Amino acid sequence: MIVDMDAASTISMFALLLIPIGIFIWLNLCLIRETIISALRMGIQLFLVGFYLKYIFQLNNGFINLAWVLLMMVAANMSVLGKSGLKRKIFFWRTLTGIAASTFIVSGWFILVAIRPDPFYDARYMVPIIGMILGNCQRSNVMSLERFYSGIRKNEQEFMTYLMLGATLSEAIRPYLRTALKATVNPSIATMATMGIVSLPGMMTGQILGGAMPMPAIKYQIGIMICIFTAMVIAALINILLSLPAAFDDHQRLKPDIFQ
Amino acid sequence: MIHFENITLSVQHQTLLEETSLQIHHGDKVVVRGPSGCGKSSLLKSIVGALPIIGKISVDGIVLRAQTVADIRSRIGFIGQEPVLGAEKVRDALLLPFTYKAHQNKQPADDLIFQTLERLHLRPEILDNESKRISGGEKQRIAIARALLLNKTIFIADEITSALDPESKQAVLDELFLPEFTVLSVSHDPDWVLACSRIIEIKDRKLTEVSK
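Same order as they appear, the protein sequences are chains B and U.
Numbered per the numbering used here, the first sequence spans residues 13 to 272.
Numbered per the numbering used here, the second sequence spans residues -5 to 206.
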């Protein structure tokens, strides 16, 4: 079993934040307030999640697990739309579909085909695995949407040229789709290539700290990395493709009112 | 050929043209003039549905709307002031339209490509260059060559001789000002204006014909 940290030890970790705060003061960086608020929010949110998860694990009911997972997806979706600069009202259902589809496909494969827990909806597997996939895909979901639409916005003349030359909307958007997907997956390709040498991954470290042997922990880590990477690509593609009908008018012009 | 009927054109909440009409006939060579910012380029863009308008635009009898915009675009060779080639290599840029479904299986033979380039005073070796390394004038002529290879007969040209030397400009005039071609353009170039058959001025948000 893992060595538990008492309340004083946990609070002592916050003392470490005095170092970056000191640096911010020295450099006259206006980040102190945000840092303190973010750290406090993180602490409160994680403690609340700890309480919820305790009951979710005890109940271990398939429907409650699914409801919790859907709630996580909605929160992830709100965050993705907020950061990508697109209007939530217009794109909410479209990006939620992309996020849900990608997460269910890869986590379904990981849980039902690779791990096969009994019952299959076991909260101890379902909640953390889907949570990790959602959390790690969040930045890539933001980046793919942001890169795609900013690419078209910045190169409007180029985009219109493709249409003038006879391209359909799906042909005209392809260069921007390629750029967005490349920017989305490149950091993950680099991370995968250096994993174990430059970085020790979180899931593996967590399992080892929890008392697992390194080999099973490594197998899970490989599984989750492939899940994250696949989910990133699926979500980026579905999000962009589903957003198109809402983002372009019937003359294939990018609507100006879709941005926040 | 190209009809504007009571069109109103606004860009960023500013009305540039208001309830004005114009008829361009087959074979006309039209130049639009007016002070900068009066809506000349916007007028050209509106024909291919790049800017929204109130009123009616038709090309070859086809009214511009959602269902017909692709058809209208396929009939027009649009050449901008700073043409976008859209591919890293000049050859790929020239052949880009032929990668689209609309022009698949219509790829021109090498001989036709070389002849078209030659008529526009371009060396065949330019095809192996990177698009970003060629001059503005060469870009303009590649964009014109691309439109010619697509067998267009209606050309919309926005200041396309701005970066050309006199010989290249004459070559472009010789290519585009054929009797079977219809040209609607914006230009400040006296030679281009002289070669046009009609001059239209934008004055008080109206399109007004000026006698040559």
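Worth flagging that the hints you see were computed from the coordinates, not collected in a lab.
Given the structure is predicted, the values throughout are model-derived calculations rather than measurements.
Be a bit skeptical, because a hint or two may be false.
Which residues of chain U face chain B? A few of them, derived with a C-beta cut under 8 Å, are [to be verified]:
#: 1; residue: V42
#: 2; residue: G43
#: 3; residue: R69
#: 4; residue: G80
#: 5; residue: L90
#: 6; residue: A96
#: 7; residue: H97
#: 8; residue: N99
#: 9; residue: P102
#: 10; residue: R127
#: 11; residue: F171
#: 12; residue: P173
#: 13; residue: F175
In this text, a Cβ means the ideal position worked out from N, Cα and C, and glycines have one as well.
Now for the hints, and whether the structure bears them out:
Proximity of V42/U to chain B holds as hinted, the smallest CB-CB distance being about 6 Å (cut-off 8 Å). Of the supplied interface hints, the one on G43/U holds, with its beta-carbon coming within about 4 Å of a beta-carbon of chain B, less than 8 Å. Taken as an interface hint, R69/U does not check out: its beta carbon lies about 10 Å from the nearest beta carbon of chain B, beyond 8 Å. Against a cut-off of 8 Å between C-beta atoms, the interface hint on G80/U holds, since the closest Cβ of chain B lies about 6 Å away.
With its C-beta approaching chain B no nearer than about 6 Å, L90/U sits inside the 8 Å limit, and its interface hint holds. With its C-beta approaching chain B no nearer than about 4 Å, A96/U sits inside the 8 Å limit, and its interface hint holds. Hint status for H97/U: holds, given a least beta-carbon distance of 5 Å to chain B, under 8 Å. Taken as an interface hint, N99/U does not check out: its beta carbon lies about 13 Å from the nearest beta carbon of chain B, beyond 8 Å.
Interface restraint check for P102/U: the shortest CB-CB distance to chain B comes to about 14 Å, outside 8 Å, so the restraint is violated. Below 8 Å, beta-carbon pairs count as interface contacts, and R127/U has none with chain B, the closest being about 18 Å; its hint is therefore violated. Because the closest C-beta pair between F171/U and chain B is about 21 Å apart, greater than 8 Å, the hint is violated. Here the hint on P173/U is broken, as its CB sits about 24 Å from the closest CB of chain B, past 8 Å.
Because the closest C-beta pair between F175/U and chain B is about 17 Å apart, greater than 8 Å, the hint is violated.
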